[in-house]
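Using the sequences and the accompanying hints, generate a full structural model.
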Amino acid sequence: MSATIESQLLALSPLDGRYAGKVDSLRPIFSEFGLIKARVKVEVEWLLALADEPAIVELEPFSDAATARLRALADELSVQDAARVKEIERTTNHDVKAVEYLIKERLADDSELGPALEFVHFACTSEDINNLSYALMLSQARQFVLLPRLDQLIQALRAMAHQHAELPMLSRTHGQTASPTTVGKEIANVVARLKRQGETLAAAPMCGKINGAVGNYNAHLAAYPEVDWEAFSQRFVHSLGLDWQPYTTQIEPHDGIAELCDAQRRIDTICIDLCRDIWGYISLGYFRQSVKAGEVGSSTMPHKVNPIDFENAEGNFGIANALFEHFAAKLPISRWQRDLTDSTVLRALGTAFGHALIGLDALQRGLGKLSANPERLAADLDASWEVLAEAVQTVMRRHGLPNPYEQLKALTRGQGITEQSMREFIDSLELSDEARQRLLDMTPGSYTGLAAKLAGAV
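Under my numbering, the letters of the sequence shown match residues 1 to 458, in that order.
A hint or two may mislead.
To be verified - In silico DSSO-like cross-links for lysine-lysine, where the CA-CA straight-line distance does not exceed 27 Å:
#1 Lys330 - Lys97
#2 Lys41 - Lys104
#3 Lys22 - Lys453
#4 Lys409 - Lys195
#5 Lys86 - Lys292
#6 Lys86 - Lys97
#7 Lys41 - Lys86
#8 Lys330 - Lys104
#9 Lys104 - Lys86
#10 Lys195 - Lys369
#11 Lys453 - Lys369
#12 Lys22 - Lys97
#13 Lys369 - Lys292
Stated by the list, open to error - The calculated label-pair distances, taken between Cβ atoms and stated as ranges, are:
#14 Ala65 - Thr341: 41 to 51 Å
#15 Asn306 - Asp382: 44 to 54 Å
#16 Glu325 - Asp427: 32 to 42 Å
#17 Ala202 - Lys453: 25 to 35 Å
#18 Gly175 - Val79: 47 to 57 Å
#19 Ala178 - Arg235: 54 to 64 Å
#20 Arg335 - Asn218: 19 to 29 Å
#21 Ala108 - Gly315: 33 to 43 Å
#22 Val291 - Arg235: 55 to 65 Å
#23 Pro374 - Glu325: 37 to 47 Å
Source of the hints: derived by calculation from the structure; they are not laboratory data. Backbone N, C-alpha and C fix where the C-beta goes; we use that ideal spot for every residue, glycine too.
So, in structure tokens, the structure goes:
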């Protein structure tokens, strides 16, 4: 047995076991290694920024070579380097202090950087480093993983919407037959929703702060009262590509993370809605699923081809959303100037996004197996002539016929309506020949309004 298989079999979380390969893109970002690497980057960039401040006369601007060495320490941080941080942490019992000590350890032999090492972590509380690190991690995950994967799903759904824009389908409201739509239009609805929430996800602020132990620049001002520390802090946070948070306690209040989690939760909820609808349409026979040689649908019923991808997706989106809901409710709350409850919760961010990613993967895989079943769609429409009652009573209203709604209600409600009985009713109406013929020419399959146009325009 390979070491990889053994480690997956013994993994406590399915993200590191059964589904490990599906979340590889998130592993470098949200793993402990990813957090350590982000912390090193923030510490290095803070030291570089301090060196460029003229008022800090004890710290000269670094040469290009020294600057390159500092940034290489962050950019090229290895798993072995992170393991050294963990080794140091066993003594310090403090993860951020261990990062500081690693940086000092690695640069102590440098003639230019060695004298500057006491400016590593200068005037910082651990949360100055942590909040910026998590903001960088979330920004990276959003830019390089979440939004591209969401865009892939939107593109796949858009292609389906266009392909089936004109394929009529019986609607069901409250589980009962209703005015027809098209397959493409129902998919287009999802495209429009996901696009809007994707824009919200992309626009969610990623805030950061670097203002000391309780957010007042106390130590900064004590050491260098002549520096405009607010402006310095703002420039530094912006230099990391983040939004500056000017008012904080010891911790950045995490409102931006809550907004991001809420946006992703709405995306997941839309996807759950889609999974359940597709599951139902498969059950009705509106979609067929492609069969892969060797796969088993049921251990006892050989005929089955189960909609497992949509079920898997729904389950994983649900797990993700339970966590996102907790993040959004918990992270913005901290007792007085700081408690530690956010620290352990933030470490689970990768778990939530991992399950969301597995959901997206399963959903898209399931969509790729679908093919529409026009015959089954047409059969349901042909058995539902009662849905034309809406059209008939609306035309009757236009032409001033008495009690149109009530007449159609008496004709159709709770009764089996056939093509013949509907046509006989239309023939009995005192309508112009043109209006009557338009109604007679109508079928459940043709009564789809602007559905095809709307589907093609998404």
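Tested hints:
no.	hint	result
1	Lys330 - Lys97	holds (26 Å)
2	Lys41 - Lys104	holds (14 Å)
3	Lys22 - Lys453	violated (37 Å)
4	Lys409 - Lys195	violated (39 Å)
5	Lys86 - Lys292	violated (46 Å)
6	Lys86 - Lys97	holds (11 Å)
7	Lys41 - Lys86	holds (17 Å)
8	Lys330 - Lys104	violated (35 Å)
9	Lys104 - Lys86	holds (15 Å)
10	Lys195 - Lys369	holds (23 Å)
11	Lys453 - Lys369	holds (26 Å)
12	Lys22 - Lys97	violated (33 Å)
13	Lys369 - Lys292	holds (9 Å)
14	Ala65 - Thr341: 41 to 51 Å	holds (43 Å)
15	Asn306 - Asp382: 44 to 54 Å	violated (28 Å)
16	Glu325 - Asp427: 32 to 42 Å	violated (57 Å)
17	Ala202 - Lys453: 25 to 35 Å	holds (28 Å)
18	Gly175 - Val79: 47 to 57 Å	holds (54 Å)
19	Ala178 - Arg235: 54 to 64 Å	holds (58 Å)
20	Arg335 - Asn218: 19 to 29 Å	holds (20 Å)
21	Ala108 - Gly315: 33 to 43 Å	violated (51 Å)
22	Val291 - Arg235: 55 to 65 Å	holds (60 Å)
23	Pro374 - Glu325: 37 to 47 Å	holds (40 Å)
Violated hints for the displayed structure, listed by number in ascending order: 3, 4, 5, 8, 12, 15, 16 and 21.
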